[in-house]
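Protein chains in written order, with my numbering: chain A, 341 to 435; chain B, 341 to 435; chain C, 341 to 435; chain D, 341 to 435.
Hints are computed from structural coordinates only; laboratory data are not their basis.
These numbers come from a predicted model, not from an experiment.
Take the hints with a grain of salt, since some may be wrong.
Note: identical chains are not told apart, hence a pair may lie in one copy or across any two.
Claimed, not checked - Below are the DSSO-like pairs computed for lysine-lysine, each with C-alpha atoms no more than 27 angstroms apart in a straight line: (1) 342 to 402; (2) 402 to 430; (3) 423 to 342; (4) 402 to 423.
Number of protein chains: 4
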Amino acid sequence: MKIIADLCIVPMGVGASVSRYIREVRDIIDASGLSYEMHPNGTNIEGEMAAVTATVEACCAKLHDMGVGRIFCTMSFSTRNDKHQTMADKLASLA
Amino acid sequence: MKIIADLCIVPMGVGASVSRYIREVRDIIDASGLSYEMHPNGTNIEGEMAAVTATVEACCAKLHDMGVGRIFCTMSFSTRNDKHQTMADKLASLA
Amino acid sequence: MKIIADLCIVPMGVGASVSRYIREVRDIIDASGLSYEMHPNGTNIEGEMAAVTATVEACCAKLHDMGVGRIFCTMSFSTRNDKHQTMADKLASLA
Amino acid sequence: MKIIADLCIVPMGVGASVSRYIREVRDIIDASGLSYEMHPNGTNIEGEMAAVTATVEACCAKLHDMGVGRIFCTMSFSTRNDKHQTMADKLASLA
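Taking the hints into account, I'd like the entire structure generated from these sequences.
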């Protein structure tokens, strides 16, 4: 099932500045081959649900390996079977 | 990776009353064997991330089969490797 | 506007264990007089949107006062004007 | 309290295509004077929490006026008092 997700990964207990960890997350998402786009509050990702969630799990596993003891993660997504729609289509529909 | 998730599945375009669909979601979650608990705004589920996300995908697939053309879903979760913690442990820690 | 919200407040940078902070959050919500119910992944709150969000802001302000430099917060909510519905009604509709 | 929020407003029961409603939401946010940026899964907004939440409430009220009987809304945000940070700063810290 194809989804368009908005993902936010929050490392807990490692200080208020977390950009070091988010750069690792970005690298893993980038290597996944999934279509994505970072924004100030998260990352939009598009792809098969199993591929997206496996990538999210890989990101969390990497942060644990880096010493992050606890991670909070939000993922909201939509799926539709009434028509094909990409992230670009969603924005274009508002023009 | 074990996660404790808060899940909310929102069927779009099928009227304001969606309890018929949420009952189906509950039945699929119940049949998954995962530990879960419904609350007024969603469902808490606990288990391996791959099992939880496969169950969420099964719920969405079922709603599409029932004629829901578009679904919005939120899933927030936490994972920790500093200690083992269940949903019950989380509430108990506040007592 | 009346809303039924699911709230999760995540203190960042203060260690993996945050129950000390969540107890403060609970006390502030309790003192607000709003109808609420904690669950393993957050707190459901019901009331006028301005009252709910003022309470959430008071919780965040308290955590900052306690030394939490950064806070991540999720609040999902629903509002409907087609009928009156409480948190209890939502669960009852699934029976 | 200044927040940087990621907002998603989901009109329920009015069909799978909701761009007509999201354009109204955009107009209300635009008129608020708050700094914002739409992305494929939502809108990032920056400002005082009371101003942001009043704007979100105005959006929901408008949709109800347009005949949307039920609305689901997600708002995740962060607040920090350890340093001043804008949406642009957040993205820049990843470069």
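A quick look at each hint next to the structure:
no.: 1; hint: 342 to 402; result: both (25 angstroms within a copy, 14 angstroms between copies)
no.: 2; hint: 402 to 430; result: between (31 angstroms within a copy, 21 angstroms between copies)
no.: 3; hint: 423 to 342; result: within (11 angstroms within a copy, 34 angstroms between copies)
no.: 4; hint: 402 to 423; result: between (35 angstroms within a copy, 17 angstroms between copies)
Of the hints listed earlier, there is not a single one the structure fails to meet.
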